[in-house]
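**Student:** Starting from the known structure of chain A, fit chain B with the ligand onto it as the hints suggest.
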Amino acid sequence: MLSKYNIDPKYKAIVIGGSAGSFQPITKILSMIPADFPLPMFLCLHRLKHVRTGFEEALSIKSSKKIAEPLDKELIKRGHVYLAPANYHMAVELGNSISLSTEFLVNNSRPAIDITFESASYNYRDKLIGILLSGANKDGAAGMKRIKERNGLTIVQDPNESMINAMPNSALAVTKIDHVLTVDQIIEFLLELDKLLKNQTSLP
Amino acid sequence: MSLSLDPEINELKQLTHYVKEKYDYDFKEYAMSSFKRRIKRILDLYKFKDVDELITALDTREEFFEEFISEITVNVTEMFRDPTFWKALKEHIIPNIMLNHNKISIWHAGCSSGEEVYSMCIMLKEMGMLDKAKIVATDIDRGIIQKAKNGVYSAKSMDTNKKNYLRYEGKFALEDYCREVNNEVLMDKSLVENVSFRKHDLVQGSSFSKFDLVLCRNVMIYFNQTLQNKVLHKLHDSLFKYGYLAIGSKESLIWCDIAHKFVVVNNEEKIYKKIKD
Ligand SMILES: C[S@@+](CC[C@H](N)C(=O)[O-])C[C@H]1O[C@@H](n2cnc3c(N)ncnc32)[C@H](O)[C@@H]1O
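Chains as they are written, first to last, in the working numbering: chain A, 31 to 234; chain B, 2 to 278.
Only chain A is shown next, with the shape it has when bound in the complex:
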């Protein structure tokens, strides 16, 4: 099989963070992911605090996946896409569940990408892929650093392509980023990963 990104099949989950300018990229990514993509994905996107409804639907429209905001302590399921709800931080909890929290704003945000990323990396260790998209602040940089420290894989959207590049650039400034990719390449990466994981499970 043609392998462009040389992906290790060890990964168990994906976290994606984004802020200003990330709506187009994320909808594009979600629209290209096959319905049976096996890994759970956790999306933490900065959003209006008081608008509780509509975002799940907006993200789901073009995707073959159902994007859903989890309830507190919901069990994590294979291939599900979880979206951090408005005004709550979303963390991966021990025991394969999701915890929500109303703690203080982190990096001026709730949900904060750092909280989702750090908690996921704590639980998935080296089996986590972190993807950081366009955005106007430094949220997510510390989380990416943590993912890298625990030998997970880090990807940022190419700052040249990002509508607002402060977020990818902050991550690039604090830690080693494995891949700097355009949105199309991120999709290519995920499709390669998808094939790899499916081939692997079909082996005896």
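Careful: at least some of the hints might be erroneous.
[As the list claims (entries may be wrong)] With a straight-line Cα cutoff of 25 angstroms, these simulated SDA-like cross-link-like pairs (lysine to any residue) come out:
#1 K148(B) with E269(B)
#2 K168(A) with P8(B)
#3 K231(B) with E22(B)
#4 K95(A) with Y24(B)
#5 K79(A) with V153(B)
#6 K41(B) with N137(A)
#7 K50(B) with E64(B)
#8 K21(B) with S208(B)
#9 K95(A) with K231(B)
#10 K178(A) with S253(B)
#11 K135(B) with L192(B)
#12 K23(B) with L13(B)
#13 K172(B) with V81(A)
#14 K206(A) with E222(A)
#15 K163(B) with G84(A)
#16 K40(A) with L226(A)
#17 K48(B) with N137(A)
#18 K91(B) with R82(A)
#19 K274(B) with D258(B)
#20 K88(B) with L78(A)
#21 K42(A) with P8(B)
#22 K14(B) with R155(A)
#23 K50(B) with E179(A)
#24 K231(B) with N126(A)
[Stated by the list, open to error] Looking from chain B toward chain A, a few residues come up when the C-beta cut is under 7 angstroms (computed):
#25 A32
#26 M33
#27 S34
#28 S35
#29 V75
#30 V77
#31 N219
#32 I222
#33 Q226
#34 K251
#35 E252
#36 S253
Source of the hints: derived by calculation from the structure; they are not laboratory data. Note that the Cβ used here is the ideal one computed from N, Cα and C, for glycine as well.
**Tutor:** Using the frame of chain A, we list chain B with the ligand on its own:
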């Protein structure tokens, strides 16, 4: 951001064990992810090198324990948080309770600094029912209860509160219930005249009375599933049959063993009704 190292699970266990033994507070079944962040925050705030140093501080200075409790708990709250929830109370739940009662008893479990309680009192006052209500508001954190009693908030926090009140479509303006002095907002104390603010621990305390309506919003999210289940039993015990329970908009009862003793009244706003003793 990261001054101290991330506390490890075994260190956190050691700490919760110690706190239980020495102070008889039980955090063993709190949700690990947020608990860990709180502990890390305390380490950074007080410049403790590790959890051991924190335990030493708790051991040598008993007066530090109240501060510790204040830091462990997440007290972030808003007036009229989730305006649509308050609308549902105003339009459906309260009128329903009043169909066959002339009084109403309400428990705010985990009331934090009191914003939720003031919201309730403002709502009831606008409905002309404040004098018919008996309200108890409790929290585990003594410091935050004092703050709730004082009813003094930062002027800055009022921005969110005012926006929420507008979305709730209250009758007047939030400014009518408070006055601003030196960047602080003093709530009209007569609103909470009949509210009893008390310290109560949902984990170790028992159910102490029965109510028509219990609000326990964004409190159980800090507990693990086992503890949520135990606490739900206490909330159930604290409700009259056909009384209402409201939890946070992203919480759920479905994984608790007595879920079948409730029916969903409003799924969006997470309002339930007790149908079985
Ligand atoms: C995020 S606040 C919720 C405030 C308000 N109900 C709301 O929804 O905005 C959570 C509160 O639960 C309290 N709490 C935590 N553990 C508790 C316990 N074991 N018993 C009683 N209250 C507790 C905390 O002190 C904190 O004030």
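**Student:** It remains to establish, for every hint, whether it holds in the given structure.
**Tutor:** Do the hints match the structure? See the list:
no., hint, in the structure
1, K148(B) with E269(B), "violated, 30 angstroms"
2, K168(A) with P8(B), "holds, 24 angstroms"
3, K231(B) with E22(B), "holds, 21 angstroms"
4, K95(A) with Y24(B), "violated, 49 angstroms"
5, K79(A) with V153(B), "holds, 24 angstroms"
6, K41(B) with N137(A), "holds, 17 angstroms"
7, K50(B) with E64(B), "holds, 20 angstroms"
8, K21(B) with S208(B), "holds, 21 angstroms"
9, K95(A) with K231(B), "violated, 35 angstroms"
10, K178(A) with S253(B), "violated, 34 angstroms"
11, K135(B) with L192(B), "holds, 12 angstroms"
12, K23(B) with L13(B), "holds, 15 angstroms"
13, K172(B) with V81(A), "holds, 22 angstroms"
14, K206(A) with E222(A), "holds, 22 angstroms"
15, K163(B) with G84(A), "holds, 23 angstroms"
16, K40(A) with L226(A), "holds, 10 angstroms"
17, K48(B) with N137(A), "holds, 21 angstroms"
18, K91(B) with R82(A), "holds, 20 angstroms"
19, K274(B) with D258(B), "holds, 16 angstroms"
20, K88(B) with L78(A), "holds, 20 angstroms"
21, K42(A) with P8(B), "holds, 24 angstroms"
22, K14(B) with R155(A), "holds, 21 angstroms"
23, K50(B) with E179(A), "holds, 21 angstroms"
24, K231(B) with N126(A), "holds, 20 angstroms"
25, A32, "holds, 5 angstroms"
26, M33, "holds, 5 angstroms"
27, S34, "holds, 4 angstroms"
28, S35, "holds, 5 angstroms"
29, V75, "holds, 5 angstroms"
30, V77, "holds, 5 angstroms"
31, N219, "holds, 5 angstroms"
32, I222, "holds, 4 angstroms"
33, Q226, "holds, 5 angstroms"
34, K251, "holds, 5 angstroms"
35, E252, "holds, 5 angstroms"
36, S253, "holds, 4 angstroms"
Comparing the model with each earlier hint shows violations of hints 1, 4, 9 and 10; every other hint is respected.
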